[in-house]
Amino acid sequence: MVLLSKRADTPARGRCRPLAIAAAICAAAILSEAGAEDVYLAPESFVAEVFSAVPKPSVLWVTPPLQAAATEILGHAPRHLRQRYWSDGTRSAWILEEIGKEEPITAGFVVRGGRIEQARVLVYRESRGAEIRYPGFLKQFAGAGLASDRRLDRGIDGISGATLSVGAMDRMARLALFYASQ
Amino acid sequence: MSALPESVVERLTSARAPAAGRGRRMRDWHGVIGVLSALSLFVLVGTGIALNHTQELGLGETEVSLPAITAWYGLRPSVPESGFKSGDTWLVASGGRWRLGASLLGDRRPAPVGIVSFGAWRCIAAADALYILQSDGRLVDRIGRDGLPAVPIQAIGVTAGAIALRAGNAVYASTDALEWKRYSNTDVAWSKAEPLPPAVRAQSAAGFAPSLPAERLVRDIHSGRILGRLGPYVVDAVACLLSVLSLTGAWMYLRSSKQRAQLARRASRIRND
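Going down the list, the protein sequences come from chains W and B.
Per the numbering used here, the first sequence runs over residues 944 to 1125.
Per the numbering used here, the second sequence runs over residues 210 to 482.
Here chain W stands alone, though its shape is the one from the complex (with noise of 0.2 Å):
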């Protein structure tokens, strides 16, 4: 019983041409490039921004007392047992990496009289989470201090999709803190 037509042919060019377009995008996207890291201000511009005149680097040394003050607020051991920082005797200059989700972020602190005056993304690495960049988001922290259980003195909000990244600034600026107390 035939109640329907027959299939007519379609030409073979117009049922190639989607799995052409789908294979042309599939070959960009193998072809392209997975990004790099984005250097937002070079650690030095960071420096001289912060002081008219760059003072000479000065070191603190992460003693075992302080590893563990700072492998508490880190989740790990800190990365060097050489802290460098800048300061003028009123404000000091802080730059730290901390891994946001797989790669390290570098950011800049300034702190004065133990709390946060600035905070700076320099350089960031992720794939993703790039927002914490933003002005919007980096005012939280200016004015924290660190609370008696090392942690800041203020809430800071999250943003979404960059969850960790906003965790790894806010031990970043806690460490900032410790440092500087010191």
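Simulated from the structure, these hints should not be mistaken for laboratory data.
Accuracy of the hints is not assured; some may be wrong.
[Unchecked claim] Which bits of chain W does chain B cover? Going by a derived footprint, with three or more residues having C-beta under 8 Å, they are: (1) 993-1002; (2) 1019-1025.
[Said to hold, decoys possible] Simulated restraints on C-beta separations: (3) W:Trp1004 x B:Asp445: 25 to 31 Å; (4) W:Asp1031 x B:Ala408: 51 to 57 Å; (5) B:Glu403 x W:Ser1124: 43 to 49 Å.
Glycine included, C-beta positions come from ideal geometry on N, C-alpha and C.
Given chain W, put chain B in place with the hints provided.
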């Protein structure tokens, strides 16, 4: 059930002829989209289920060292022919990993240009960074471009009580790797690359086999990032294709239902005629 007379079939099919073309095209597109997205769908389903059970499957602890996969990620397994000697210990670098003797100093490191012993420190220089380590391999400091006198660093050496770096046509020396001054004397003992003894090469070969966590691989496949920067957009496109597939399928189903109802009504009228 007996076949309808030809005259009846002609009345039925001639009324549907203009609409049949649309249906064929839709079926063709539905089929093409289904073929295009089928494999991707299976991959997404499989990797998605795996990511939902990462802990149970131990994906975070499992390392993947298949050469094809590690090569795709740019992880090179080759053991170099040369290294840098520091006392009785060799610094060997490959694929971003450093090995100092039997110790793995870390990964994601740049290619070193030399190593020197300075007091209790071991200082390893790369083109744009200086690494200072304790004798146990723990990192004391990493000095980047902002703390170096000039880059790229071409060599590292030691002179009387100071670390020396050669960058460009100048040599700089420092006693603490913080403050650098130009150094003009020629009494610097520079670190140089030397051919690795066979025993050291053999020891290094096992230590330089590249690998990456299985979770990373599964996640990159699921998100499309394994294909590079445009990979996620490919996955987005597959998701859109699946949406179109469901819409075309729904359209065909509804149309087919409507046509069956129409055929049934016509057949009923013809019998009653």
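Now for the hints, and whether the structure bears them out:
1. Given a C-beta distance limit of less than 8 Å, the hint that chain B covers the segment 993-1002 of chain W holds, as 3 residues qualify and 3 suffice.
2. Under the rule that three or more residues need a Cβ within less than 8 Å of chain B, the assignment of the segment 1019-1025 of chain W holds, with 4 such residues.
3. Evaluation of the 25 to 31 Å hint for Trp1004 of chain W and Asp445 of chain B yields a failure: the beta carbon distance comes to about 50 Å.
4. For Asp1031 of chain W and Ala408 of chain B, the hinted distance range of 51 to 57 Å is satisfied, since their beta carbons lie about 54 Å from each other.
5. For Glu403 of chain B and Ser1124 of chain W, the hinted distance range of 43 to 49 Å is satisfied, since their beta carbons lie about 47 Å from each other.
Taken one by one, the earlier hints fail for this structure only at number 3.
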